[in-house]
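> So the sequences go chain by chain: A and B. Under the working numbering, the first residue of the first sequence carries the number 1, and numbering increases by one thereafter. Under the working numbering, the first residue of the second sequence carries the number 1001, and numbering increases by one thereafter.
Don't take each hint at face value.
Claimed, not checked - No farther apart than 25 Å at their CA atoms in a straight line, the calculated lysine-lysine pairs in the DSS-like style are these:
1. A/LYS169 <-> B/LYS1180
2. A/LYS80 <-> A/LYS57
3. B/LYS1121 <-> A/LYS180
4. A/LYS202 <-> B/LYS1169
5. B/LYS1170 <-> A/LYS180
Hints in this document: simulated from the structure, not taken from any laboratory.
Protein chains: 2
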Amino acid sequence: MISLLGKPIKEKIVDDIRSRISKGQMINAYIISNPNSFEASSYKKLISDLLTKLGIKVTDSQISSQEEAEEAISEANKDKLASVFICRPLMVEDENRIIELVPASADADMLTSVNSGRLYKGDMNYLTGTSSSVEAIIDYYNIPVQGRKVFIIGRSISVGLPIGLMMLKKNGMVTYAHSKISLDDLRQEARKTDILVLASGKRGLIRKEDINPRGIVIDCGYQEDGKGDLGFDPECQMFTPVPGGVGPITISLLILNAFKLKFGE
Amino acid sequence: MISLLGKPIKEKIVDDIRSRISKGQMINAYIISNPNSFEASSYKKLISDLLTKLGIKVTDSQISSQEEAEEAISEANKDKLASVFICRPLMVEDENRIIELVPASADADMLTSVNSGRLYKGDMNYLTGTSSSVEAIIDYYNIPVQGRKVFIIGRSISVGLPIGLMMLKKNGMVTYAHSKISLDDLRQEARKTDILVLASGKRGLIRKEDINPRGIVIDCGYQEDGKGDLGFDPECQMFTPVPGGVGPITISLLILNAFKLKFGE
């Protein structure tokens, strides 16, 4: 059993950001959050801390209504160096409308229609934070995907869907499941997959006996108890532990992706 | 064995377009094609014929270079009622660049990043022609998708990928395969799927014995011999024949979708 750790990858990414900054590249970060959104609070702290540590200017917009959120984006849009980080869920009337107000080049979360469409059409430079973290793990640890069965539980546009597109681009046979699939079908599929990706935010779908001993498990979850969607260390060939696997990479990649959006590869 | 015929659906769609026109809605069609592109020629004829029959003005731009194609789009962009139909493959240097020059509201093919992204983010109004045809068949014949296994062979952004998104939205468990998957894995998967979708443009991947007798087969192919990707009538619960299944619906839906893009639902 090999533990796929995120730390060495995170360190490389942070070095990459520092090297960009030393070459004169810079962004101004605008963090939009709703203080009532408990789910987004740990994410917000992590991103603020790393941005500050890197010497990036942070404008912290705490909003509690649609109007305030739209105003915060308008403010950011006056700044050519702006990169917007939206801490979801924003708990406002129409979150997607706020996302779509962000110009593509400032859309660090990669959730505008334009950037989503670029990804969908095959450009992996537009992967979201979590999905690019999973790609980084696949690449760093040389995990073969071509011709392999990849089973993804979850279909959100920020996690499950883009991970599937990335795995498809790497020539995997990709299956998406979700909460409307029977537990029996879901577990049967899990047992025979080569790569199992947990991306639903739900605990208890997959039990110890549903893990393929010759498979690889990638857990994108982070639950209140500090563990992932799985909640246990699986007996299999390789797995990403929670904490320590996917999570540590995501925040640094979000910032690196923001630089790439502004300044290119 | 039930044959899922496209004709009754096509007739309803043509009626819908005529009713929109009688209410005063109108588009001006700009067809961009390369006369050297043999693959696109039958498509071009079908779309021209139906547009003309419906009394829609057609500007026929035959191009043979990147510059000519870009010029044709610039010309269309001067017309507020323009809907652009690109006959792919255009056989030019950068087809995607040409697609991206089309404004979202004139993008009848639904292949710009903006419209692709809207689809990817969950809005099924932005399905491509073929994928909305498959949706029309599913809906018209009340084919249950929720909780069912859907197996899609093909991952193009015009056919395979959007069909999968649509099936996922209908709560199916969706698996994508393609040419890099071994024939053994592909056929094994086909045999146990509830809904098999052929969308690769390749003959010979699936044989008679790979068809699930209790399944449904949807064939989006159209090959030189006038038959689909399958090439035979499968022994199963229901199937779309070629010719007569998906094909007849696509052209009429492309035109209806162009009206919807301009004037809304």
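> Hints first: check each against the structure and report whether it holds.
Okay, the hints, checked on the actual structure:
1. The suggested pairing of A/LYS169 with B/LYS1180 holds, with an alpha-carbon distance near 11 Å, which does not exceed 25 Å.
2. Of the supplied pair hints, the one linking A/LYS80 and A/LYS57 holds, its CA atoms being roughly 13 Å apart against a limit of 25 Å.
3. Restraint check: the Cα-Cα separation between B/LYS1121 and A/LYS180 comes to about 19 Å, which is no more than 25 Å; the hinted pair holds.
4. Distance check on the hinted pair: A/LYS202 and B/LYS1169 sit about 19 Å apart at the alpha-carbon level, within 25 Å; holds.
5. Between the alpha carbons of B/LYS1170 and A/LYS180 the distance comes to roughly 10 Å, so the proposed pair stays at or under 25 Å and holds.
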